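Protein chains in written order, with our numbering: chain A, 468 to 810; chain B, 63 to 430; chain C, 251 to 553.
Calculated directly from the structure, the hints in this document are not laboratory data.
The structure displayed is predicted, hence computed values, not measured ones.
Even for Gly, the Cβ is constructed at its ideal location relative to N, Cα and C.
Any given hint might turn out to be false.
As the list claims (entries may be wrong) - Derived coverage of chain B by chain A (criterion: at least 3 residues anywhere in the stretch with Cβ under 8 Å from a Cβ of chain A; other residues may be distant):
| hint | segment |
| --- | --- |
| 1 | 163-177 |
| 2 | 225-239 |
| 3 | 268-281 |
| 4 | 328-335 |
| 5 | 346-354 |
Below, each chain spelled out in residue letters.
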Amino acid sequence: MSGPVLEVEDLKKHFPAEGLFSSDPPAKAVDGVSFSIDEGETLGLIGESGSGKSTVAKTIIDIHETTDGLIRFNGQDITNPIRQQLAEMRSEIQLVFQDPTSCLNPRRTIRKSLLVPLKATGVPRSEREQRVRQMLERVGLNDEYLYKYPHELSGGQKQRVNIARALAVEPSLLLLDEPTSALDVSVQAKIISLLEDIQTEFDLTYLFITHDLSLVRNFADETAVMYLGEIQEQGPTDRIFENPRHPYTRSLLSSIPVTSQQEEAYKPDSESLDGEVPGARNMPSGCRLHPRCPHATEDCAMRHPEQYDVQDRDVRCIAYEDGAEGFERLRGRRPVGSESDGS
Amino acid sequence: MSDAAPLLSVRDLSVGFEGFDGYADVVDGVDLTVEHGEVVTIAGETGCGKSVTTKAITGLLNEPPARVDGTVEFDGQDLRELPDTERRALNGDRISVIFQNPLSSLNPVFTIGEQLTDTAQFGGEGDTGILGYLRRRYSSTDRSAARERVLDLLEEVRMPDPESVMDSYPSELSGGMRQRAIIAQALLNEPDLLIADEPGSALDVTVHDEILSLLEDLIAKRDMSILMITHNLGVARQLSDRVYIMYGGRIAETAPTAEIFDTPHHPYTQGLIASIPRLSGESMAGGIGGSVPEYTDPPMGCRFHPRCPYADDSCRFSEPADVSFGEQARSACVRHADGDGGPVPTLQETKRRLSENEPTLERAEGDR
Amino acid sequence: MSIDTLSFDTSGLDRIVSPARRELWYRSYRRFANQPMSVIGLVIVVAIALAAVFAPYIAPYPEQVGSFTDFANAYQPPSLDHPFGTDSAGRDILTRVIFGYRIALLLVAVVLGLGVPVGVMLGLVAGYAGGWVDTIIMRITDTFLALPPLVLALAIASAFEPTLEVAMFAIASLWWTWYARLTRGLAASLSSEEYVQAAELAGASTTHILFRELLPNCLSPLLVKATLDAGIVVLTGASLSFIGLGVQPPRPGLGTMVANGTQYLPAEWWISIFPGFAIFLLVMGFNMLGDGLRDLFDVEVEQ
Numbered sequence: 468m469s470g471p472v473l474e475v476e477d478l479k480k481h482f483p484a485e486g487l488f489s490s491d492p493p494a495k496a497v498d499g500v501s502f503s504i505d506e507g508e509t510l511g512l513i514g515e516s517g518s519g520k521s522t523v524a525k526t527i528i529d530i531h532e533t534t535d536g537l538i539r540f541n542g543q544d545i546t547n548p549i550r551q552q553l554a555e556m557r558s559e560i561q562l563v564f565q566d567p568t569s570c571l572n573p574r575r576t577i578r579k580s581l582l583v584p585l586k587a588t589g590v591p592r593s594e595r596e597q598r599v600r601q602m603l604e605r606v607g608l609n610d611e612y613l614y615k616y617p618h619e620l621s622g623g624q625k626q627r628v629n630i631a632r633a634l635a636v637e638p639s640l641l642l643l644d645e646p647t648s649a650l651d652v653s654v655q656a657k658i659i660s661l662l663e664d665i666q667t668e669f670d671l672t673y674l675f676i677t678h679d680l681s682l683v684r685n686f687a688d689e690t691a692v693m694y695l696g697e698i699q700e701q702g703p704t705d706r707i708f709e710n711p712r713h714p715y716t717r718s719l720l721s722s723i724p725v726t727s728q729q730e731e732a733y734k735p736d737s738e739s740l741d742g743e744v745p746g747a748r749n750m751p752s753g754c755r756l757h758p759r760c761p762h763a764t765e766d767c768a769m770r771h772p773e774q775y776d777v778q779d780r781d782v783r784c785i786a787y788e789d790g791a792e793g794f795e796r797l798r799g800r801r802p803v804g805s806e807s808d809g810s
Numbered sequence: 063m064s065d066a067a068p069l070l071s072v073r074d075l076s077v078g079f080e081g082f083d084g085y086a087d088v089v090d091g092v093d094l095t096v097e098h099g100e101v102v103t104i105a106g107e108t109g110c111g112k113s114v115t116t117k118a119i120t121g122l123l124n125e126p127p128a129r130v131d132g133t134v135e136f137d138g139q140d141l142r143e144l145p146d147t148e149r150r151a152l153n154g155d156r157i158s159v160i161f162q163n164p165l166s167s168l169n170p171v172f173t174i175g176e177q178l179t180d181t182a183q184f185g186g187e188g189d190t191g192i193l194g195y196l197r198r199r200y201s202s203t204d205r206s207a208a209r210e211r212v213l214d215l216l217e218e219v220r221m222p223d224p225e226s227v228m229d230s231y232p233s234e235l236s237g238g239m240r241q242r243a244i245i246a247q248a249l250l251n252e253p254d255l256l257i258a259d260e261p262g263s264a265l266d267v268t269v270h271d272e273i274l275s276l277l278e279d280l281i282a283k284r285d286m287s288i289l290m291i292t293h294n295l296g297v298a299r300q301l302s303d304r305v306y307i308m309y310g311g312r313i314a315e316t317a318p319t320a321e322i323f324d325t326p327h328h329p330y331t332q333g334l335i336a337s338i339p340r341l342s343g344e345s346m347a348g349g350i351g352g353s354v355p356e357y358t359d360p361p362m363g364c365r366f367h368p369r370c371p372y373a374d375d376s377c378r379f380s381e382p383a384d385v386s387f388g389e390q391a392r393s394a395c396v397r398h399a400d401g402d403g404g405p406v407p408t409l410q411e412t413k414r415r416l417s418e419n420e421p422t423l424e425r426a427e428g429d430r
Numbered sequence: 251m252s253i254d255t256l257s258f259d260t261s262g263l264d265r266i267v268s269p270a271r272r273e274l275w276y277r278s279y280r281r282f283a284n285q286p287m288s289v290i291g292l293v294i295v296v297a298i299a300l301a302a303v304f305a306p307y308i309a310p311y312p313e314q315v316g317s318f319t320d321f322a323n324a325y326q327p328p329s330l331d332h333p334f335g336t337d338s339a340g341r342d343i344l345t346r347v348i349f350g351y352r353i354a355l356l357l358v359a360v361v362l363g364l365g366v367p368v369g370v371m372l373g374l375v376a377g378y379a380g381g382w383v384d385t386i387i388m389r390i391t392d393t394f395l396a397l398p399p400l401v402l403a404l405a406i407a408s409a410f411e412p413t414l415e416v417a418m419f420a421i422a423s424l425w426w427t428w429y430a431r432l433t434r435g436l437a438a439s440l441s442s443e444e445y446v447q448a449a450e451l452a453g454a455s456t457t458h459i460l461f462r463e464l465l466p467n468c469l470s471p472l473l474v475k476a477t478l479d480a481g482i483v484v485l486t487g488a489s490l491s492f493i494g495l496g497v498q499p500p501r502p503g504l505g506t507m508v509a510n511g512t513q514y515l516p517a518e519w520w521i522s523i524f525p526g527f528a529i530f531l532l533v534m535g536f537n538m539l540g541d542g543l544r545d546l547f548d549v550e551v552e553q
């Protein structure tokens with residue numbers, strides 16, 4: 468078993484300002500993102516609007532051209548794929564979007580929509596019909612759905628069709644961009660359960676993008692939290708949720724409305740952020756969170772933090788430069804067992 | 063609670079529409095109340111009828127395409143019996159509504175200051191014709207008094223830099239600021255009842271949280287009742303005193319908040335709560351199979367029975383009656399009557415049954 | 251980067267037009283100024299309008315406008331003395347064209363000045379009220395729409411006198427219908443916007459809703475249409491004059507002049523061509539301006 472299925476190194480995607488003579492700076496949607504996903508694993512990429520999480524997926528699959536950085540799939544460089552590579556990629560990497568309706572041509576039957584990727588990746592004609600049926604069945608829809616039109620299906624059913632379509636070419640990597648955000652809770656649970664089942668059955672690797680932290684908690688092996696184009700905290704999911712380190716992660720966790728007492732215990736004390744997410748063209752200097760961070764110091768405005776390796780994970784916060792105790796000091800508490808050194 | 067009459071009392075509300083496939087009852091026999099100073103939530107997923115119920119309460123339904131039956135009593139007065147102008151005046155005076163999307167609730171061609179000052183000048187006299195309108199609009203004392211009120215309110219909703227916001231267009235503000243603006247706008251007439259449709263659902267989580275805590279503070283400070291509509295049970299839990307769970311146009315269950323989340327009684331509520339992903343990492347149940355009923359061809363008897371893990375033949379023949387679980391709690395399920403005879407739905411049991419079910423092949427016509 | 255960086259006291263102005271709105275206008279102006287065609291259109295229209303207003307002062311031979319005759323000088327080709335030549339009665343054509351613009355623009359002002367407000371008002375009421383009010387207003391509108399303007403003008407002219415005033419009345423009495431139609435559609439769709447519903451719920455009077463919520467959101471398409479219409483009004487007036495039902499000689503109607511000059515084509519071409527070109531220029535100016543405005547508003551809608 469060789470290396471990771473997907474590796475992303477220092478990925479950058481900048482969108483230049485519109486207009487011929489505009490002197491606006493480019494929007495740095497993705498600005499130095501690195502992660503890797505091993506076979507059969509799920510990486511949860513969390514972020515709010517403007518974090519760049521969707522752009523990451525679109526850049527990987529070449530909807531957007533990379534501005535800088537490296538993308539490797541099974542060791543092969545697919546950063547700026549040539550046409551030959553694109554065709555291969557399409558049968559290996561698939562993307563499932565957020566809005567189930569907009570991905571289905573309203574004038575095509577389900578069957579036709581499902582045949583499209585098979586034709587495109589050169590699956591022999593004799594196999595196509597059978598594969599379509601198989602995939603539809605695998606996602607829990609029977610033959611009757613073949614000849615239906617998208618408007619006759621519910622949101623959950625449409626999303627299943629989208630998943631079936633992605634599966635039809637037998638990919639090894641699925642990029643899921645908010646696949647359940649447009650669905651009700653009860654339907655979401657079914658789709659997640661479906662995704663879990665097919666992951667084991669087909670040995671799939673997932674990049675799961677969402678803004679819903681509870682979902683990531685239940686579904687992802689590793690988690691990466693994004694803010695304004697950068698990964699702020701990254702590591703094994705349960706460690707991050709049990710002990711969130713980065714102020715942004717802590718703030719996100721403390722603001723989720725939960726539905727049970729036990730979950731309240733997992734929320735850090737309220738550490739709300741000031742203001743709102745700035746636009747991608749108005750990046751703050753130094754640490755991007757500093758204007759909103761309740762723990763910011765002067766240093767934070769001046770220095771741009773690297774990702775620091777703290778025990779079990781990476782944290783992009785100046786407080787962690789010297790290790791785990793830094794943050795405790797910042798919060799005004801003396802870490803257990805260390806000398807007091809004033810602050 | 064108190065013996066005083068409730069602020070809002072909805073009884074046997076039904077709303078139907080004439081559609082392509084025939085007549086459909088989108089809301090069927092809904093009873094709900096909001097007492098003075100209470101926060102009540104109507105929670106439900108897509109297609110349960112909560113939005114239509116709200117529109118029927120506020121009078122935003124156009125009656126020819128819609129047919130509305132039942133009573134909507136506000137402070138003892140049946141709103142549906144009132145003539146249009148009086149209803150509008152009552153609405154403007156004592157009830158306020160916040161819609162889901164702040165951007166579309168604001169007129170794009172006026173600044174926040176201009177719009178909110180306009181709103182501050184409504185009400186009281188009602189429709190006094192063109193001259194009355196011109197007089198009010200262009201009387202500078204009236205206008206500046208109204209403007210002051212708007213500024214006060216913007217500060218109360220913790221709007222950053224209120225003066226400059228007054229002078230900004232909605233498209234120039236951030237989502238959170240727009241949300242605060244419409245909350246301020248809703249409070250201008252000092253309503254007794256605030257109806258909030260998915261407040262803040264269009265916002266990022268951190269901003270949404272601030273808006274919710276703002277609402278909590280406003281509730282504490284003002285003597286105001288809130289009727290909130292949401293699909294997010296976490297939000298319902300955070301803000302409400304009581305919750306109504308709607309499904310298929312009917313109230314499935316209602317209870318005080320703590321009870322609904324700790325010991326839900328109705329299988330649908332239980333299934334819903336079991337499907338919510340948990341921050342603690344407990345595994346979710348696999349959701350509820352099947353799909354939401356079609357308006358035009360709803361299931362016979364209990365609307366939930368095609369998807370219910372406890373359903374049997376009796377569920378198909380009659381609408382389940384409400385079973386009381388306490389002064390303010392009731393749930394409409396036939397299974398509650400079972401004692402020793404059969405299983406009583408508990409959260410654990412429902413979870414187990416839902417997880418156990420093979421992922422059913424969804425039949426195209428079938429799940430009815 | 252707003253106008254407020256200038257240091258005079260704008261507080262009085264601020265009360266009437268807020269700084270934010272002025273900023274918006276300034277930005278629109280910049281965007282407009284970046285579209286060459288629109289600017290050219292604007293320049294043409296403004297230049298012609300100014301010429302029309304100051305006609306007595308800038309026309310070379312103002313006394314030759316009406317019933318002047320100088321047969322010695324008739325049929326002169328374009329020259330330094332008479333840049334557009336002289337016509338069959340010896341009158342300077344350039345002068346007559348400038349005064350002809352007066353009449354054309356007067357026609358536009360009257361027709362649109364009457365037709366637009368009436369049509370918009372009816373449309374607002376119909377679109378917002380809906381129901382039988384809407385039906386009645388729209389059926390009346392449809393009836394008027396079914397009448398071709400030129401035919402109606404013919405009918406009226408034969409019943410009364412074939413003069414400019416009658417022509418204006420005929421055209422104006424039909425022009426409002428398009429605005430009623432357009433506004434009604436806009437108002438009807440805007441009525442279901444959330445901010446309109448919010449205003450209703452907050453207790454706004456109907457007057458407020460019509461004039462503060464609906465109308466301002468209809469202005470852009472109406473302005474574009476009115477500008478493009480101006481050109482059509484000019485053409486309609488010219489056409490009526492051409493067939494003898496509009497401006498009667500000796501008054502300098504552009505269409506009348508063209509009609510008059512056709513008998514002298516192609517030899518004394520200047521008698522028809524210059525008035526004809528004048529019509530063309532004015533209409534084109536309105537069209538370019540209207541297109542520019544439409545492009546401007548389209549961009550703004552997208553933003």
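Checklist entry - Can you name, in rising order, the numbers of the hints this structure does not satisfy? => result 1
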